[in-house]
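Participant: Spelled out, the chains give:
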Amino acid sequence: MVIDLKKCIGCDSCTVSCRAENFTPAGVFWNRVFKFEVGKYPHAKLVSLPLICMHCKNAPCVDACPTGATHKRDDGIVVVDYDKCMGCKYCIAVCPYGERYFNSQLGQYYPEKPLTAYEQFSKQLNGSKHHMIGVVEKCTFCADRVDKGQEPACVKSCVSNARTFGDLDDPNSQISQLIAMKHAVQLSPELGTDPSVYYIPP
Amino acid sequence: MRTGLWLGIPLVIAGALFLIWDLGEPTRFTKALSRPRTSWISRGSWILILLLAVSVALFGLWIWPFTMLETLPNLIMALEGLIVIFAFGTMVYTGLLLGASKPIPFWSMPTLPILFTVSATAAGLKTSSLVLMVSSLMQGTPIPEILGILSRLVVVFIAIEIGVLVLHLWGTRQTETGEFSSNRLLSGELALQFWAGYVALGLAIPAIADVAVSSVPIGFEAMLVLIAATLGLIGGLLLRLIVVYAGAKAPVPAFGGLYIIPENM
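Which chain is which? The protein sequence lines are A and B, in order. Going by the numbering used here, 196 is the number at position 196 of the first sequence; the sequence numbering is gapless. Going by the numbering used here, 146 is the number at position 146 of the second sequence; the sequence numbering is gapless.
I should point out that these hints are in silico values taken from the structure, not numbers from a laboratory. Beta carbons are placed, not taken as given, at the ideal position from N, Cα and C, and that holds for glycine. It cannot be assumed that every hint is accurate.
[Claimed, not checked] SDA-like cross-link-like pairs, simulated, lysine to any residue; straight-line CA separation at most 25 Å:
1. B:102 <-> A:191
2. B:102 <-> A:40
3. A:148 <-> B:57
4. B:102 <-> A:194
[To be verified] Beta-carbon label-pair distances, calculated as ranges:
5. A:111 <-> B:253: 25 to 31 Å
6. A:45 <-> B:260: 16 to 22 Å
7. A:156 <-> B:37: 36 to 42 Å
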């Protein structure tokens, strides 16, 4: 994925669409937008930095996982098998980007009231959308949408077309060309994780 | 040896049960054995299981009908050797497990596994002294001379532990996040546990007690060994607790900003 920070307006549509698509419990954000100021007056500006799992090629979480719950698919997407995860949280300790969440409880949106229709419906879902207590979860690049040939929800919903999703291993793909032409960079490349998420500088 | 196994086997089992209890899904703990090639938790799980297996095997030699195997000194020597290897592995792997967390500077210093190993060795020596003392008191035999040697060894290891601790704290202060973590110990929210708990109770008092062991009457000797062992073990536990709580992730630099990762992520 490439995220163009010149185009990102920090609207958080990606955050909301991710929640809607993946039925994440209250308090869990597989996608977040970190907003910060750079520069000094009169040249200061606000930068919006969307943060998701980097789906690293050298993912430390995959190596650290003792059960094999965290694993990398053939297409490079890093996913968690909730049925294998024992909740040791070691993957959280080794992730340098802080993009994993441990469910000590499943937060309700309105704790004093019954579950909403959205929350009730989510209990019938399978796979990564069936959130469980005692396991670790994270962004899946909407793997089930990708399997159907669709884009992740955050890419689809981006109002400024700041996000591009594609095959990094294909040098002729739109995303590979975008990375080359716009000099997109990874976060903390010196760590050797080789993230699959690139950013075009603001 | 037998007293050591009487004490050691239940303690290792208790420690393993605490590890299992801390899991989000404790019923799945057997899955932890799946990835010893890459995961330190898997490796540690295997080390603990093998340590227990070999310890129980040696203990089993004193139970009929296996007592006949006691006449095989090579077998006993092999089992004792394996226990030493796996016990050393148990001491070392926890520091390596934390050290593999590269985003946490306070944990990823190479001095941490050394600190944990030295601390564990000191704790083991103190416990061995206690076991020897209790054995001789129960059997009504004179206090073995080796107790004095063990006490002096404990003092040496405590001195080494202090040296490695100072080196570790100095090393972690080379980065901002590492400095933040070490300040938590030295003057922050963990200062009481660090200074009063670990340094005073866990290091200073046991060291003084072990120095005094050889110069007091026999009745007081037992009391000092008990104090040194008990406080030393508490100090070892506190060291591991405060190291875990002090650890903080380095922020992610991004386009002129600094994304500070929340504590629970």
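Participant: Work down the list of hints and note, for each, if the structure agrees.
Facilitator: Verification of the supplied hints:
Restraint check for residue 102 of chain B and residue 191 of chain A: the C-alpha separation of about 8 Å stays at or below 25 Å, so the hint holds. Restraint check for residue 102 of chain B and residue 40 of chain A: not satisfied, since their Cα atoms lie roughly 33 Å apart, outside the 25 Å limit. For the hint pairing residue 148 of chain A with residue 57 of chain B, the CA-to-CA distance comes to about 55 Å; that exceeds 25 Å, so the pair is violated. At most 25 Å may separate the alpha-carbon atoms for a hinted pair to count; residue 102 of chain B and residue 194 of chain A meet this at roughly 15 Å.
At about 37 Å, the beta-carbon gap between residue 111 of chain A and residue 253 of chain B misses the expected band of 25 to 31 Å. At roughly 20 Å, the beta carbons of residue 45 of chain A and residue 260 of chain B sit within the given window of 16 to 22 Å. Hint check: residue 156 of chain A to residue 37 of chain B, Cβ distance near 38 Å, so the stated range 36 to 42 Å holds.
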